[in-house]
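**Q** Please model the entire structure based on the sequences and the hints provided.
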Amino acid sequence: MLLQNAQHHSISNDQIGAKKMLDECIDYLNHDILAWTLSADNVEKQRQFLEPFLKD
Amino acid sequence: MVIPFNSAKVQIETLEADIELRAHPRLHFKMVQNYFLVEDRVAALQKLQSGIAALEVDFEDIIMSQAQVNQQFEWIETYQNHQQEHLGLEAKEKFKINVEMLQGTVLFDQRMENFQRNLKLLLRDAKAEDVVQKIRDLLDYGDSFDFRLSVLTEDNQAHFEQIELDFVNNEFDNINKHMGEVYNELQRSEKEADMLYTVRRVMHLGVTDDIEAAGKIINNMMLSLDKEYYSLNTHVKEMKDFIALLEKLKVEGESHLSFTAILSDIKQVVLMGY
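Sequence lines, in order, name chains A and B. Number 319 in this note's numbering belongs to position 32 of the first sequence; there are no gaps in the numbering. Number 470 in this note's numbering belongs to position 127 of the second sequence; there are no gaps in the numbering.
Simulated from the structure, these hints should not be mistaken for lab results. Mixed in with the good hints, there may be bad ones.
[Said to hold, decoys possible] Label pairs and their calculated CB-CB ranges:
1. B/N563 to A/D301: 51 to 57 Å
2. A/K332 to B/A556: 21 to 27 Å
3. B/L566 to A/K307: 43 to 49 Å
4. A/K307 to B/A556: 52 to 58 Å
5. B/N562 to A/H295: 50 to 56 Å
6. B/L600 to A/E311: 20 to 26 Å
7. B/N512 to A/R334: 40 to 46 Å
8. A/D328 to B/S601: 37 to 43 Å
9. B/N562 to A/N317: 33 to 39 Å
[Stated by the list, open to error] Straight-line alpha carbon distances no greater than 27 Å define the calculated DSS-like cross-link-like pairs of lysine-lysine that follow:
10. B/K593 to A/K306
11. B/K580 to A/K307
12. B/K583 to A/K332
Each residue gets a CB set at the ideal place from its N, CA and C atoms; glycine is no exception.
**A** Structure follows, in structure tokens:
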């Protein structure tokens, strides 16, 4: 949706508005990256917790 | 520290003697019963005393075997600790030699099979204390999971309230954003619950002594975590690539024609990957 809005601004020759929409999109994706990275850290911690139990 | 071959041989002989000694007291007491039945109290008393002496020897021997096993554990723990600290090359090498030595001695003689079998049994016995500690750790971990899940549930509740507010105020972009957050939080809750379930299942199997099944469950969970870790990192990489494309669009999409052309390329990439 944000990309469509950006395209709409671009077609209307509103490059500033288009860039603003792209920045919002990038912020949104960065937020997702943070969430996925935290999840990956959590998975790694869970793995580290379980690992010693497999040493038998 | 490596077990010298002679030392391993002594261990085997000790353990074999241990097996015989375990049988002896039972024979003694069986004979004590018989003497009592024929009312030969003097002979019964003598057999009782020798039976107790045999038990004491047996007990000392078990303690010795236990000490050997504990030493094995110390080596293993040293290896594990050093491995965790990334300083373990030396410890790892020693452990490897130790294992190879044991394997070598097992191959050397049929009697060694008994040694290995008894050692495994003793290892299992010796682990009792260790297992208790692990179960305690699991319980603590389970409690912390419960706490984290309750926090996540509260967070989700707050997100839903925000979504309702956004809906009333016609803030559709915010609704989209908050829905994404809720989705991520719910996924995390699901994974936490999944892990909690695994931990509790392993605990249950540990208590009922079904160690093999517990091991399988832990193994499956490890494989699942590995897969998830790979998948999450792949997502992160794809998103970073996507952001790089959007940055390119910001710089190169000055006219709406170039903007639309680059956007079209991005959509193709997104359809194929993200």
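**Q** Which earlier hints turn out false for this structure, listed by number in ascending order?
**A** The structure breaks none of the hints.
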